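Undergrad: One-letter residues, chain by chain:
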Amino acid sequence: MAPAVTILACGDPMRADDGAVLAALELLPAAARRRTEIRRIGQLDPEDLREVADGRPCIVGDAVAGLAAGTVIVRRLDAMAGRTASTGPTSSHALDLGQALGIAQAMGTLPHGWFLGIGGQDFTLHAGLSPDLRAHLPFAATVLEVIVAMAGRLAGGDA
Amino acid sequence: MAMHGTTDQAASGAVRAGGDEERFDLEQLTRVEGEGALHLRLAGGRVVEAHLSIFEAPRYFERLVIGRTPDEVIDIVARVCGICPVAYQMTAVHAFEDLFGIVVDPAVVALRRLLYCGEWIESHALHIYLLHAPDFLGYESGIELARDHRRIVERGLALKRTGNRILALLGGRPIHPVSVRVGGFSRVPSRGSLAELGPDLDAAVEAARTTVAWAATLPAPDFQEPVRLVALRHPQQYPMNQGRIASTDGLDLDPAGWEQAFGEEQVAWSTALQGRAHDGAAYLLGPAARITLDAAQLHPLAAEALAATGLSEEIATNPFRSIVARSVELLHAVAEARDLVAGYQPPATPQVSWSARPGQAAWATEAPRGLLFHRYAVDEEGVVGEARIVPPTSQNQTAIEAATAAFAPTVLDLPREETTNRLEQLIRSYDPCISCAAHFLDLRLEEV
Chain S
52 MAPAVTILAC GDPMRADDGA VLAALELLPA AARRRTEIRR IGQLDPEDLR EVADGRPCIV
112 GDAVAGLAAG TVIVRRLDAM AGRTASTGPT SSHALDLGQA LGIAQAMGTL PHGWFLGIGG
172 QDFTLHAGLS PDLRAHLPFA ATVLEVIVAM AGRLAGGDA
Chain W
488 MAMHGTTDQA ASGAVRAGGD EERFDLEQLT RVEGEGALHL RLAGGRVVEA HLSIFEAPRY
548 FERLVIGRTP DEVIDIVARV CGICPVAYQM TAVHAFEDLF GIVVDPAVVA LRRLLYCGEW
608 IESHALHIYL LHAPDFLGYE SGIELARDHR RIVERGLALK RTGNRILALL GGRPIHPVSV
668 RVGGFSRVPS RGSLAELGPD LDAAVEAART TVAWAATLPA PDFQEPVRLV ALRHPQQYPM
728 NQGRIASTDG LDLDPAGWEQ AFGEEQVAWS TALQGRAHDG AAYLLGPAAR ITLDAAQLHP
788 LAAEALAATG LSEEIATNPF RSIVARSVEL LHAVAEARDL VAGYQPPATP QVSWSARPGQ
848 AAWATEAPRG LLFHRYAVDE EGVVGEARIV PPTSQNQTAI EAATAAFAPT VLDLPREETT
908 NRLEQLIRSY DPCISCAAHF LDLRLEEV
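So the sequence lines, in the order shown, correspond to chains S and W.
Position 82 (the first sequence) corresponds to 133 in the working numbering; numbering is contiguous.
Position 108 (the second sequence) corresponds to 595 in the working numbering; numbering is contiguous.
In case anyone wonders, no lab produced these hints; they're calculated from the structure.
Note that the coordinates shown come from a computational prediction; the quantities given were computed from them, not determined experimentally.
Positions of the beta carbon are idealized from the N, C-alpha and C atoms, including for glycine.
Where hints are given, some of them may not hold.
Claimed, not checked - If the Cβ cut is set under 8 Å, some of the chain W residues that face chain S in the computed set are: (1) Arg566; (2) Arg648; (3) Ile662; (4) Val839.
Claimed, not checked - Computed beta-carbon distance windows for the label pairs: (5) S:Ala53 / W:Trp756: 49 to 59 Å; (6) W:Arg660 / S:Ala53: 23 to 33 Å; (7) W:Gln753 / S:Glu88: 47 to 57 Å; (8) W:Ala682 / S:Ala186: 39 to 49 Å; (9) W:Pro896 / S:Gly159: 55 to 65 Å; (10) S:Glu88 / W:Ser673: 48 to 58 Å.
With the sequences and hints as input, model every part of the structure.
TA: Here is the structure:
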């Protein structure tokens, strides 16, 4: 059975809480994992969005600075397109999330879906999540599971 | 030049500073990596002071590597930059291998060049198409450019993707690769897995040829700023991992000998040290320097494309033509990558064994933005006791400031937004990587 949802998992587990989404995926129940195609992409690129199968919903997950550790936010991808993070650098060689989504939207390759952000507090160079984030990770995984189920229903998949 | 789309430029503009003097402040440079600003002081229509102000916090990597082993250093310095981690890894690994007398398998040498090609492809494609091209075509950002010129942006993204694929295949992932080790790689790909890159690279060569021809048509301001150009030079290959330090005024140094001719100094307006030649002169690194000094070693396809532009000489003096130089190097990198993939035979072993020796491990390689120098003092166990990392943007700052001072008077009479756009376009011509540049050498930690 083809996956009902693609998850583009951003982040780097060697930068502490930046690995939040990857850690949350580890807690996703097996039944939910079976409905998903999970791609670990480090940093979102417009090409990642273009490569999502036609019509398949997509969840872009990433850690978010500026939120309390473990806080979860969910936004529609099209509502995030073109927006620049207010707490991060305003200039970068890498495309930030809003730019990557905006370029995909401008080219007509932005899939339907959601952004799942998990607040982090420690983005320094080491492995392992901060204690606060670790404590709240089951909640983040539950939210992710709910979105997977919802996306699967919207896609007409077996969810 | 009319700008499409909305503008969210940070505050900028000219203000009277008292007497006949005026100031022009561009408080937030956009579409460059890191946080920087430009401040000009003007008197009588002349720029009397141009400061590229880098206010990004220092990164302290030179302290982070102290007490670390060579392989740990390689993984740590990759974190200096998200767009050019391979350059940091390659410079460090060559420095250690040179000191330790390690000779790696020729197939490892080829794979390292391929890895470096991947980084050049990714970095150059991103800068050409999404950071710099919008300036020439009158767009605020890559998003607006994509809306009106989808095929152009698709071409750039596909090229960038090809670079990412090379990095992921050889380095384990596209950002901050993890496979580079002293003596070789932790693992190497099979011939079959590398061959899977073939179709992508065939398409990338054609896309890069188109890129060169297209970049040459972009309207560049008529501006000449001759400056000493510095790059590695190698008799058989376009410089990446190897070569001697050369310049347009005859310099010829061992890659470990950067400090014999150059140094850095702290200036009040920047958290980045500024590089200068020991004679005090500015110098410029990067694609224009490499093409000027190493054109004879370009891949034949790149050399042919460069000749067809008719811009070989202008590239050396007009910074706005750096987009053409970068495009030629993009073509060189994809064409060489294709050749390396086609000729690949896996090494007998991914990594040769080695023993540490005490001494100074120093080397220079060519990052996408130019020559990158590392020096490490290591003990008999190979543990680092002192480090110096000199990124290309640190070295280019003085030349950027000089060019800005020379160019600004030609645009200061334009409407404020246009002046800002033109000055930003000039600075983006140098593809500055401010996060890399923000480093201190003299951090002292005192434990009480």
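Undergrad: Give a verdict on every hint.
TA: Status of each hint after checking the structure:
no. : hint                            : verdict
1   : Arg566                          : 6 Å, holds
2   : Arg648                          : 5 Å, holds
3   : Ile662                          : 5 Å, holds
4   : Val839                          : 27 Å, violated
5   : S:Ala53 / W:Trp756: 49 to 59 Å  : 57 Å, holds
6   : W:Arg660 / S:Ala53: 23 to 33 Å  : 26 Å, holds
7   : W:Gln753 / S:Glu88: 47 to 57 Å  : 50 Å, holds
8   : W:Ala682 / S:Ala186: 39 to 49 Å : 47 Å, holds
9   : W:Pro896 / S:Gly159: 55 to 65 Å : 44 Å, violated
10  : S:Glu88 / W:Ser673: 48 to 58 Å  : 28 Å, violated
Checked against the numbered hints given earlier, the structure breaks hints 4, 9 and 10 and satisfies all the rest.
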